[in-house]
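Enquirer: The residues making up each chain are set out below.
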Amino acid sequence: MNEQEYYVPSGTYWPIIGSIGIATLFVGFANQMHGASWGASIMLLGFSILVFMMFGWFGQVVNESTSGMYNSRVDRSFRWGMSWFIFSEVMFFAAFFGVLFYARQLSVPWLGGSGNNLFTPDLWNGFNSTWKQIAFSTPGLILQSGTAISVPRQLVDAWGLPALNTALLLLSGVTLTFAHHTLRNGDRNKVIGWLVATIVLGVLFLGFQITEYGHAYHDGLKLTSGIYGSTFYMLTGFHGFHVTVGVIMLTVILYRVQKGHFSADNHFGFEGVAWYWHFVDVVWLGLFIFVYWL
Amino acid sequence: MTTITAYTSHHSPEKGLMRWIKTTNHKDIGSLYLWFAFIMLLVGGAMAMVIRMELFQPGMQLINPQFFNQMTTMHGLIMVFGAIMPAFVGLGNWLIPMMIGAPDMALPRMNNWSFWILPFAGGILLSTFFMEGGAPAFGWTFYAPLSTTFAPDSTDFFIFAVHLLGFSSIMGAINIVATVVNMRALEMKLMDMPLFVWTWLITSFLLIGAMPVLAGAVTMMLTDRNFGTAFFDAAGGGDPVMFQHIFWFFGHPEVYIMILPAFGVISHVIPTFARKPLFGYSSMVYATASIAFLSYIVWAHHMFLTGMPVAGELYFMYATMLIAVPTGVKVFNWISTMWRGSMTFETPMLWAISFVFLFTIGGFSGVMVGIAPADIQYHDTYFVVAHFHYVLVTGALWSIIAATFYWLPKWTGKMYNETLAQVHFWWAVISVNVLFFPQHFLGLAGMPRRIPDYSLQFADFNMISSIGGFAFGTSFILFTYIVIDCIRNGKPADARPWEGAKGLEWTLEPKAQYHSFNKPPTRELIKQESQNS
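So the sequences go chain by chain: A and B. According to my numbering, the residues represented by the first sequence are 1 to 294, in order. According to my numbering, the residues represented by the second sequence are 295 to 827, in order.
Honestly, the hints are just simulated from the structure, not real lab data. Incorrect hints may appear among the rest.
Pair by pair, the computed Cβ-Cβ distance ranges are [unchecked claim]:
| no. | chain 1 | residue 1 | chain 2 | residue 2 | range |
| --- | --- | --- | --- | --- | --- |
| 1 | B | 819 | A | 174 | 46 to 52 Å |
| 2 | A | 252 | B | 309 | 33 to 39 Å |
| 3 | A | 47 | B | 423 | 26 to 32 Å |
| 4 | B | 813 | A | 164 | 47 to 53 Å |
| 5 | A | 41 | B | 813 | 52 to 58 Å |
| 6 | B | 483 | A | 286 | 37 to 43 Å |
| 7 | B | 819 | A | 285 | 56 to 62 Å |
Glycine included, every Cβ here is placed at the ideal spot set by N, Cα and C.
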């Protein structure tokens, strides 16, 4: 097809299947949280429907792409779509970073008696308003949800595994860029090498992150450790989820490179995943600085 | 490389139900959105009728306080997320490709998904009524700890419904950005774009920026409720007021999400029936962008009574006052457009002119509640209820109805019944003022919102308000009849049914063809149909 035309796909079942899948997943999840024995099975069913939908939908897009239905204008639509999707993800993480800054700079110091002294240090006997150590010295405190606050015995050391993970992720950004350059030079074997290196680095990151979670949890830093534990696990958890998705996407891209789907000047699938990976990388830098280090 | 046309295997719709489930066509999807929004308007409207029935007289009459709270909560949520927002996305779907000379939306399959998530989200939200403990009853703003510690189990379903609505809105917005930027006829410069397209483009950025923050807020609610986190719990170092900051960081852009496309619609209708070019096209564009920018930095004016530092109150007050400037630019531009125009008063124009009057009343009461010291009296009273119903009903909803009558001939190829439509207009515009205007007085006298019973001194105005409410509610029966009558029995309409109408959509066939522009418009045509002249 020529550049004057824009491919408008004909009718499709995939979106309605996706809606059924995601609604099933959420309804299952909510029932699971409310103690229904069948909740987990429904969740699994919803998740399977979603996976089925993604294979089908993305498979169709890949087929259309390889059979040449997409011209540069369709390509541009994908670029705009992916960039603004990543921006929406940035705003999602921004909400949690906002919480972290607010708690650290405002609510925790207030509870410790700073500012207008609405709260006195005697509010809770021995309440510790030092960031990260919030609630360290107040065992037995009960949250409104009814769970007791878990008191960590030790802080996560930023210059141990987290620093190593920072290096791994930054390096993975470099290897992915090498993969992109070799792809543009049309050297498929080298692309595969650099991509495999990127995936290995991503998996290593995830492995270390799980180890790190194990240590932290063992030392008593849990979701129930007050606001630091909440922001710690929420931010690193969602980040880890995004890295997992990124690794899966990179693996799909590796498969597609092997199948020869990408040419030197037409490989948006690769670039979209690379953008996503760099985004995950940048979020980690924010995490390393504000969650682990400072 | 100067043209784009649709390359597709289908040029006409499929038959039956599957057409609507499988469709990738911007007009089909636009219709689905509009019908969904209309049904939700009736559902949310029925809840408003229950509220007004209970408030008809002092004392507890029909329902218990818990159910009353469920009604106010779900009425707000359904009107905002189920009626107004989907209606604007529907209008955007229908109109944007026609207005920019494109064959369809940029990402048609995703367009289908943006819509088809909505019925599931709405279904989950409405299903909470049938759960133990009832539907959410904490108000549409779902402040913690009401929505975390003290909320019914159904709140978790509500949270997931909000997640789904967010996915839908974000995908819809991304699609509109890609469409406006990439599908526009290549000869159409940015400053040739019709204002509805401009306002929707800017609204999309508000959606993409604000909806993920809402998703973050409800996610934290979910973990606070179920996994022992302490985001909004002071016992663990969190802060319930922080919930309000996050919520309103979403919530304030949200109110502009619901009004910017309305500004776009009015900027089309008024020039048409004044038979004059829009006054101050570029200032309209810049005003829209300024409002969008300001909307991100004023959120805490919803929170003047939370105990903010005085410096914070002053900043948020002055920043809020600034919004009156670009909004005033718009209102004066509409008035200047009508000045010495050769005006006629067909139904869309009646709705548009009453929009200018009534939205401006809502805008002024907005300035009043934005003044921090005065807000101490207004906060959480019926004055606030009157304010946001003037901007949302006689603002957002009014523009949607204006748009419906204005573009109905293009959608159906047929003309609605002008006499009945004008009867409907006067019926609605009188009753809506009987409904909402007395609520200003109630609020100033101190009647709190979200309360099922009230002191005797509020009785008269409440009864007047309820009578207006019932009249306004029944006006939608007539509206439904007019629209269906137009679709079924309307007289054939001209391609350009309004004498003074400008815009590429009027160059299409009377009932716009399935794929809008298969041959892109020429530069001369774009110039000739441009609002910026």
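Enquirer: Evaluate each hint against the coordinates.
Expert: Against the structure, the hints:
The beta-carbon spacing between residue 819 of chain B and residue 174 of chain A, approximately 51 Å, falls within the hinted interval of 46 to 52 Å. Against the hinted window of 33 to 39 Å, the Cβ-Cβ separation of residue 252 of chain A and residue 309 of chain B comes to about 36 Å, which satisfies the hint. Between residue 47 of chain A and residue 423 of chain B the C-beta distance comes to about 27 Å, which sits within the given range of 26 to 32 Å. Distance hint check for residue 813 of chain B and residue 164 of chain A: the Cβ-Cβ separation is about 60 Å, which falls outside the suggested range of 47 to 53 Å.
The beta-carbon spacing between residue 41 of chain A and residue 813 of chain B, approximately 54 Å, falls within the hinted interval of 52 to 58 Å. Our hint of 37 to 43 Å for residue 483 of chain B and residue 286 of chain A holds, since their Cβ atoms are close to 38 Å apart. Distance hint check: the CB atoms of residue 819 of chain B and residue 285 of chain A are about 50 Å apart, inconsistent with the given range 56 to 62 Å.
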